[in-house]
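Visitor: Protein sequence lines, in the order shown, are assigned to chains B and S. The first sequence begins at 0 in numbering that gives the first Met the number 0 and counts up by one. The second sequence begins at 0 in numbering that gives the first Met the number 0 and counts up by one.
None of these hints come from the bench; they were simulated from the model. Watch out, some of these pointers could steer you wrong.
One copy or any two copies: either way a pair holds, since identical chains are not told apart in the list.
[To be verified] Here are the simulated EDC-like cross-link-like pairs (lysine to aspartate or glutamate), alpha carbons at most 20 Å apart as the crow flies:
no. : residue 1 : residue 2
1   : K231      : E120
2   : K230      : E120
3   : K251      : E273
4   : K230      : E273
5   : K230      : E188
6   : K178      : E120
7   : K251      : D209
8   : K251      : E187
9   : K230      : E187
10  : K251      : D208
11  : K251      : D278
2 protein chains.
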Amino acid sequence: MSGLSEASFVGVDWGTSSFRLWLMAADGMPLASSRSGEGMLHCSSSGGFQPVLDKHLAEVRAPEGLPVLICGMAGARQGWVEAAYVHTPTALGDLHSRAISVPVEGRDIRILPGIAQVLAEAPNVMRGEETQLLGSIADGFTGLVCMPGTHCKWVAIDGGTIVRFASFMTGELFSVISKHSILMHAVEEGAPPGFDDPTFRAAIDAVRDDASVALSALFSIRAGQLLGFEKKAEGAAHLSGLLIGAEVAAAKSLYGAPSDIVLVGSGALGSLYEAVLTDAGYRVRVVDAEEAVRNGLAKAAARLWVKDRT
Amino acid sequence: MSGLSEASFVGVDWGTSSFRLWLMAADGMPLASSRSGEGMLHCSSSGGFQPVLDKHLAEVRAPEGLPVLICGMAGARQGWVEAAYVHTPTALGDLHSRAISVPVEGRDIRILPGIAQVLAEAPNVMRGEETQLLGSIADGFTGLVCMPGTHCKWVAIDGGTIVRFASFMTGELFSVISKHSILMHAVEEGAPPGFDDPTFRAAIDAVRDDASVALSALFSIRAGQLLGFEKKAEGAAHLSGLLIGAEVAAAKSLYGAPSDIVLVGSGALGSLYEAVLTDAGYRVRVVDAEEAVRNGLAKAAARLWVKDRT
Chain B
0 MSGLSEASFV
10 GVDWGTSSFR
20 LWLMAADGMP
30 LASSRSGEGM
40 LHCSSSGGFQ
50 PVLDKHLAEV
60 RAPEGLPVLI
70 CGMAGARQGW
80 VEAAYVHTPT
90 ALGDLHSRAI
100 SVPVEGRDIR
110 ILPGIAQVLA
120 EAPNVMRGEE
130 TQLLGSIADG
140 FTGLVCMPGT
150 HCKWVAIDGG
160 TIVRFASFMT
170 GELFSVISKH
180 SILMHAVEEG
190 APPGFDDPTF
200 RAAIDAVRDD
210 ASVALSALFS
220 IRAGQLLGFE
230 KKAEGAAHLS
240 GLLIGAEVAA
250 AKSLYGAPSD
260 IVLVGSGALG
270 SLYEAVLTDA
280 GYRVRVVDAE
290 EAVRNGLAKA
300 AARLWVKDRT
Chain S
0 MSGLSEASFV
10 GVDWGTSSFR
20 LWLMAADGMP
30 LASSRSGEGM
40 LHCSSSGGFQ
50 PVLDKHLAEV
60 RAPEGLPVLI
70 CGMAGARQGW
80 VEAAYVHTPT
90 ALGDLHSRAI
100 SVPVEGRDIR
110 ILPGIAQVLA
120 EAPNVMRGEE
130 TQLLGSIADG
140 FTGLVCMPGT
150 HCKWVAIDGG
160 TIVRFASFMT
170 GELFSVISKH
180 SILMHAVEEG
190 APPGFDDPTF
200 RAAIDAVRDD
210 ASVALSALFS
220 IRAGQLLGFE
230 KKAEGAAHLS
240 GLLIGAEVAA
250 AKSLYGAPSD
260 IVLVGSGALG
270 SLYEAVLTDA
280 GYRVRVVDAE
290 EAVRNGLAKA
300 AARLWVKDRT
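This is chain B alone, in the form it adopts within the complex (with noise of 0.2 Å):
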């Protein structure tokens, strides 16, 4: 049984500012990792993709030769090589089949497409979150996903196909008011709120029914501290509420009434999101994020090459 624990391919998550590379056994466990902030826009601006890949991979000490799968935004137009994204509807169980090869000597190395979602009326893209849905859900799984962050995904998915997504810059909203509108002066950084944080809930409960209330009650945020309703450490939370609770209603609205769903996060904000999403009658199964990458690669590494080798 020593074999389960052989390294079988190495799986990459290659951000926009972020690189994690993991030494994979073919079951998905992995055996070493490394990981930096060399993400796409380093790599694009100094000195390319390769070096930093070479180094990462001596780094876990991969032996040669062994196959190099990559998933995010490597792929993209501006990244190493362009992995061209597939369109909705599609076969997450495909997905592999469509990974790019970038030319290099010596190693087979692929990187997995993004999504895309052609519809003029709700255009929309993925590159990353495909791979962690892949690792997240059983094949023909039918439901709903959340992927809370930045850019937040809900993807709709029937009988293991992406039929349909939306993305809530809930995560950037969130940076750029806070830093760069007048609720800098009421809105200190810091880690999300707990659940249990009185104005986080009352943010919540405010938009739970309309989230135009949140665009109203942004303002409101200021002018409570002028009036002496709130304090300072409270901004953030209630800042915080108000786009979770906003971003809620609207998938309420895209999606329908509240059922099974599964939440890819991790960290303070997933149990945040987890929290958020039962409190508004979901009911939540929980895959951590990191975890999720992992699987998806080691997913679609096993539908590449394991074949090959058997």
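Position chain S against the provided structure of chain B, taking the given hints into account.
Guide: Same frame as chain B, now just chain S:
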């Protein structure tokens, strides 16, 4: 009848980052004006308020001893002298009686107060808009007033009394999203779009019945350009349409079905709001924003000083 054009007082609209002064006849006619970027922020950080006022008074050759009435941020806590907020519900006709005197020798200088909505569930403040309101409506007016800008105000007035108001950060959201989020790659700066711009119209239509649509549509501005549905030159009209459309949808949710409305606006943005509100079903009466503040200052000044001289 020569007295009609005699200087009766000086009116000042002292904003956060702008200063506008008029030498005014008793009937509200401006006889001379002077303006600059010496708003509250400038004065608080360098040299104070009085030298700026004195310079502009000299500029229009204001007669010695002529009284000065100021509205706006000069009355904020961080301004010249704080003119404490008057609380809603408040009669606009009584605004002058709550003006605060600035203790300087040789001239009667007063600052009109802002207005606060001291409600825990919808705290709000305005400074400067109250004077525009006074100048925009007849005594005893009942109805809705929309005041577009960085922080748009929607004000419900009953018999000349402000009963309720809401603020939308529409202008500021446009600015921070287009400058600091991923949409910086998708939105070019420029003048507001025209109402006949098809991209703007499509965005307005998309959020007409559900402001929450704007939340997922934001990211689609970027995705739509990546997928070739839209050009970067259309991004500003798209973003503007989503934000203004969502504001109007949210206002309808707050204030009920469209009816008569007074729009205090000017320039391209005023024209745009006029068209959007008309299209949304409102019967719009437009008041020029600068005329509104001058008229408001004149009405308050007449109540403060004209009777003293007869």
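Visitor: Give a verdict on every hint.
Guide: Against the structure, the hints:
In this assembly of identical chains, the alpha carbons of K231 and E120 lie at most 20 Å apart only when taken from different copies (17 Å versus 40 Å within one copy). Within a single copy, K230 and E120 get their C-alpha atoms only as close as 41 Å, which misses the 20 Å cut-off; across copies the closest is 15 Å, which meets it. With identical chains, the CA atoms of K251 and E273 are at most 20 Å apart within one copy only, with a shortest distance of 16 Å there and 32 Å across copies. Proximity of K230 and E273 under a CA criterion of 20 Å is satisfied in neither setting, with 27 Å inside one chain copy and 38 Å between copies.
Taking the shortest alpha-carbon separations for K230 and E188, only the intra-copy value of 14 Å comes in at or below 20 Å, while the best inter-copy value is 35 Å. Proximity of K178 and E120 under a CA criterion of 20 Å is satisfied in neither setting, with 31 Å inside one chain copy and 24 Å between copies. Taking identical chains as interchangeable, the C-alpha atoms of K251 and D209 lie at most 20 Å apart whether they share a chain (10 Å) or sit on different chains (12 Å). In this homomeric assembly, K251 and E187 never come within 20 Å of each other (Cα to Cα): the closest approach is 30 Å inside a single copy and 32 Å across copies.
Taking CA atoms no more than 20 Å apart as the test, K230 paired with E187 passes inside one copy only; the shortest distance there is 10 Å, against 36 Å between copies. Both within a single protomer and between protomers do K251 and D208 lie at most 20 Å apart by alpha-carbon distance, with minima of 10 Å and 15 Å respectively. For the identical chains of this complex, K251 and D278 are intra-copy neighbours only, at 13 Å inside a copy versus 28 Å across copies, given an alpha-carbon limit of 20 Å.
Hints 4, 6, 8 from the list above are not met by this structure, while the remaining hints are.
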